[in-house]
Amino acid sequence: MFFFSGYSVYAAAGSLDPTFGTGGKVAFGSPVIPSTVLLQSTGKIDVVAGFDNTAMATESFGVVRDRPNGLLDTSFGGQGVSLAASTNFINSPNSAGVQPDDKIVVAGEAQSADGTLSEFAVARFNANVGLDSSFGTGGKVTTNFVGVQAGGVSNPAKLVLVQTDGKILVIGTASKCAKCVHNTAWARYTSNGRLDPTFGSGGTQLTNIFGGSPNAVAELSNGDFLRVAGSVIAQFSSSGRSGRP
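The sequence shown lines up with residues 1 to 245 when you count with this note's numbering.
FYI, nobody ran anything at the bench for these hints, they're computed from the structure.
Bear in mind the structure is a predicted one, so any value in this text is a computation, not a measurement.
Please note that the accuracy of each hint is not assured.
To be verified - List time: in silico DSS-like cross-link candidates among lysine-lysine, alpha-carbon distance up to 30 Å:
{"no.": "1", "residue 1": "Lys44", "residue 2": "Lys167"}
{"no.": "2", "residue 1": "Lys167", "residue 2": "Lys103"}
{"no.": "3", "residue 1": "Lys179", "residue 2": "Lys103"}
{"no.": "4", "residue 1": "Lys25", "residue 2": "Lys44"}
{"no.": "5", "residue 1": "Lys44", "residue 2": "Lys103"}
As the list claims (entries may be wrong) - What follows is a set of in silico ranges between Cβ atoms, one per label pair, in the way DEER data are often shown:
{"no.": "6", "residue 1": "Val129", "residue 2": "Ala12", "range": "28 to 36 Å"}
{"no.": "7", "residue 1": "Ala113", "residue 2": "Gly23", "range": "40 to 48 Å"}
{"no.": "8", "residue 1": "Val37", "residue 2": "Ala150", "range": "13 to 21 Å"}
{"no.": "9", "residue 1": "His182", "residue 2": "Ser237", "range": "33 to 41 Å"}
The beta-carbon is built from N, C-alpha and C at its ideal position, and this holds for glycine as well.
Make a model of the complete structure from these sequences and hints.
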């Protein structure tokens, strides 16, 4: 059984909700690193986390599901947990989103043990259990912006946005070495996990980093995107080909 450190639910007045978990809190052991909390349309709660030392990898993507009362939902993944990994080394989830059909999209970074490979990693989990086989290959897809390098390569996905049309936008950074210039890296996937040829160049785009690592993204009503990085807000077209700080 795998566990994460814990989280709390607060009542409207700001105090812990005594009807949730134990005194408003759910606490577990380690070694798990939570990154995102999602709310399903059913009221169930998904906690996305990195799970250390699984049978798949040194670190794997993981989704833990709790019922609205904070109890583990064992109907999800058998033990309330579903896992995924794109490499047998580090797979760190950094962001997640939930689709209107309650499928869960998780984005992060997949690394090789020798440090020569780092790439965007995206996985989609079914609303009920397990990876969604209709997405990518077996529910997973990876995208590499910098190739295989001698070491120090960095290519983490930081943000994921499920667009209103069902396409999936993933944003992160890309650098060929620890001291190399970092760029903002974009990838957009169709609903089946293929790179969207209408976005950027064949589904990907590298742009000036404009303020640092991206930490928020939003879709505008006209289909354009606002990306926040540090103190800089930049607007990009829906095709990813133009932007301005």
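Each hint, compared with the structure:
1. Lys44 x Lys167: The given pair, whose Cα atoms are some 24 Å apart, holds under the 30 Å limit.
2. Lys167 x Lys103: holds (13 Å)
3. Lys179 x Lys103: violated (38 Å)
4. Lys25 x Lys44: holds (15 Å)
5. Lys44 x Lys103: holds (13 Å)
6. Val129 x Ala12: 28 to 36 Å: holds (32 Å)
7. Ala113 x Gly23: 40 to 48 Å: holds (42 Å)
8. Val37 x Ala150: 13 to 21 Å: Check failed, 38 Å falls outside 13 to 21 Å.
9. His182 x Ser237: 33 to 41 Å: violated (22 Å)
The structure shown violates the earlier hints numbered 3, 8, 9.
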